[in-house]
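With the hints as your guide, set chain B onto chain A.
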Amino acid sequence: MRYIVLVAGGSFNPVTNMHLRMFELARDALIKTGQFKVLGGIVSPVSDGYNKPSLLPSKHRIEMLKLALGRGGCSDGIPSSWIRLGTWEAIRSQWTPTRKVLDHYQRRIDAMLADTDEAQLNGPPDGKRSRIDEESDELAWLRSLVAKLRAKESQPDVRIMLLCGGDVLQSFAVKGVWQEEDMVSIVRDYGMVVLSRPGSDPHRFVHTFDLINPYERNIRLVTEWAVNDISSTLIRRTLQRNESVRYMLPDPVIDYIYRNGLYGSTASWPRLENFAD
Amino acid sequence: AKLTDTVGCSAMPVAADPTIENVVLLACGSYNPVTNMHLRMFEVARDALRKSGRFRVLGGIISPVADAFGKEDLASAEHRLEMLRLALSPPAVAGPPAWIRLGKWEATRRRWTPTRQVLDRYQAAIDAELTGTEPCSTAGGSGGESCDETDAECIWLRKLVRRLKSTAGASAHGGDSADRQTAPLAARLMLLCGADLLASFARPSLWRTEDMVTIARDYGMVVLARSGFNPQKFIYECDAINPFEQNLVILSEWSCNDTSSSQIRRSLRRGESVRYLLPDSVIDYVYRHRLYGCRADCWHGQSSVSSDDAAEAAVSSSAAAAAVQRCSRGCQTRMTGSAMPAARIRKECRACGARSTRHVFLSSAAVDDQRGDAPDCLPQQQQHGDSRHDRHRQQSLQQDAASVAALPALSGPVRHRSHSESKS
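For the protein sequence lines, the chains are A and B, in the order given.
With UniProt numbering, the residue at position 40 of the first sequence is 40, and numbering never jumps.
With UniProt numbering, the residue at position 241 of the second sequence is 241, and numbering never jumps.
What the hints contain is simulated information worked out from the structure, not anything from laboratory work.
Derived SDA-like pairs (lysine to any residue); straight-line CA-CA distance at most 25 Å:
#1 A/Lys32 x B/Ser262
#2 A/Lys32 x B/Arg266
#3 A/Lys32 x B/Arg288
#4 B/Lys104 x B/Asp127
#5 A/Lys32 x B/Asp258
#6 B/Lys104 x A/Arg246
#7 B/Lys233 x B/Ser205
Extracted from the complex, chain A is given alone in its bound form (with noise of 0.2 Å):
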C-alpha cells in the first residue's frame, strides 16, 4: 500500500473551487484503485519571481489560500482536513522548476521516515519570527502525519505524486517550458494525477510522447465528468467587470478581494439598488 502526498503548483491568483475540487477529485480517484491511500495534499502557489504580468504579490495569494482551506481564522466554512498550504516555493525569489518543489517535498518525508528531519532534532529556530515558521507549518504537519502513519507500519512507502491538469501534462510537449530530465524523473520516481475534462484526449498524448510513455502506469488520468470550468483568468475579467464571482470561490476568498481591492474590483460586495431590504 502506497500512502501520497499529492502536490499541485499553480499561480492560484486567485485561488477557486476548480482548483480545490481536484484535490477532491484526484483524491477519490487514487483511493477507488485499491492500491494507494491518500496521507494529504499540499498546495505550492508560485513565488513571485514567476514573472507573470497580472501575477497578484504571493502575500496575497497565500492569503487567499488560507482563507480557502479555513484556516484563515475568520471563516465559517469547515477547514480542509487534509489539504495544506505549502509556502517554501511561494517565498522563495526566484521561480523554482515544479520537479524541485516535489523533490524538497520528498526529501522531508524520507528524512521524517529516516529520523534524520533535523527540524525534528534541533527544533525550529527560536526567537524571532521568520519565514520559517511559516514552512514549518506544512511540515509539521507532514511531520505528525508520518508519525501516525509509523506507529502502524513499520517501513511506509510515502510518495509525493504531481497533481495538476491536462493542460499542464499537454505542456510537456511545448519546447523550452520542461527540462527533459525533470519531465521524466516526474512521471517515472514521483507520478502524476492528471484531471482532464471529458473532450480532451490525454491518453492520447502519453501514448505518443515518447520521453513519458515508458512510465505510462505512474500517470494517472482522471476525467473529470462534471465539468467545473472556474479558472482564475474568468475570475479576474470578471471582477474586473464589477460582475459577482459568487459561488465559484470561497466566500471569504471573495471578502479578501473586495476589501484589498484586488484585481481591479470595487471595494465591497455588489449591493442591489437600494430598494432591497
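Showing chain B alone in chain A's frame:
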C-alpha cells in the same frame, strides 16, 4: 455572461423605451439538493440583466417544489428547505444580506403547483401594493388559500414595492410633476430557469399552452443556456411563445459549472467527494441527516478525522459498496456494524445474536432493494422515463461488478455471490 439577442430584430427598439423594468427573479425546481450552480444562476442573471440597461433586479426568490411532485429520490421538503436556508445565508463575513429569498409557499402545499401559479401568487402581492389594494381582492393564490399576510416573501415583496414607490415619488417631485410624463410604476416577476425547462415546453403533457403563453407574455423569462441546446432556435419554432420573444432573455456562455443535483446525488451514493460543488454547510447537513444514501464515513469536513482513517473508510465504502453482512445461521436480517473487513469489526445478528465473519457481496441494486431505498434510476419510476437513466443504471451495475471483482483479498472466509443467484 453574454446577453444574446433573441431571434430576429426587436420590433420595439430598446433605446426608445425609457422605462427600466423592475423585476424580481423567480426560480423553481427540486433543489435536491441545492448546488453552487443553482446559486450562480441568480448571480449571473442579475449581472446580465443590469448590464443590458433594460432591467433593474430588485431581488430573487427560490421556490422549491412540493413533495407531492412524486420524484423518486426527492428528499423531504423540510430537508430541502433547510439546505436552501443554509445555502442562502449571507456570507459569514460582514456583507449585505442575501438578496435571494427562500419561498416556502410552494414547497409546503399538499399538491404540486404549476409554475405559472407560483408566479401568479407572488405577483399578486406586488400588484396589491402597486394598486394599494388588499391581496385577497386580486387574482392569484387559487385553491382557496388564505391570503398572504403572513407569508414572509409576500411581505418582503410589498416592502420592495413600497420603497420603489417612495423613490419614484421622490424623483418625480424634483421637476414640475404636472407636466411630467412618467410611465406608471410597474414591477413583475420573471422566471429564471435553465435551458432544460425551456426545452420542456415542447412536451405537451408537461405544460398547458395557456400557462406557457402567460409566462412568456406577462412575466418573461431569463434562460441560462447550456451547450447542446439552442434556445433561439427553440423560441423560433415554438408557436406559443414566439410572439413574446422580446420578453425572453437568453444568457449564453455563462456556464462555468456543469454540476447537476443528480450528479451530486450519484457521487454521494458512491462515497465520492462533493466538496466545492455546493456550500459546506449544505454538505454538512446532508451527512448529518444521511440523505441521498451518503456514507457516514465519507465527510472529512471535521478536522478531527485523520485523513488516514477517512481514506480507509472511503475505500471500504466506495469500493465495497455492495458489502452486506449476513448472519452465519442464515437469518435474513442485516448485521449491525459498518461495512469493514471482518477482521476489524465484531458483528452480531440482530435476530439470533450469532457472531459472523462471513461476507456476502451482492450488487448494489440488490442491496438497495434490501434496504428499501429505491435506486436512483429505476426507469419506470422516473418522472420523464428518460432512457438515459437506463444506460446509467447498466453502467453503474457494471462498474459495481468490476469494483467488486477488483477488491483486494480480505482476511477471513469470503463467499462471493453473483447478482443473478437467488437470495435465500
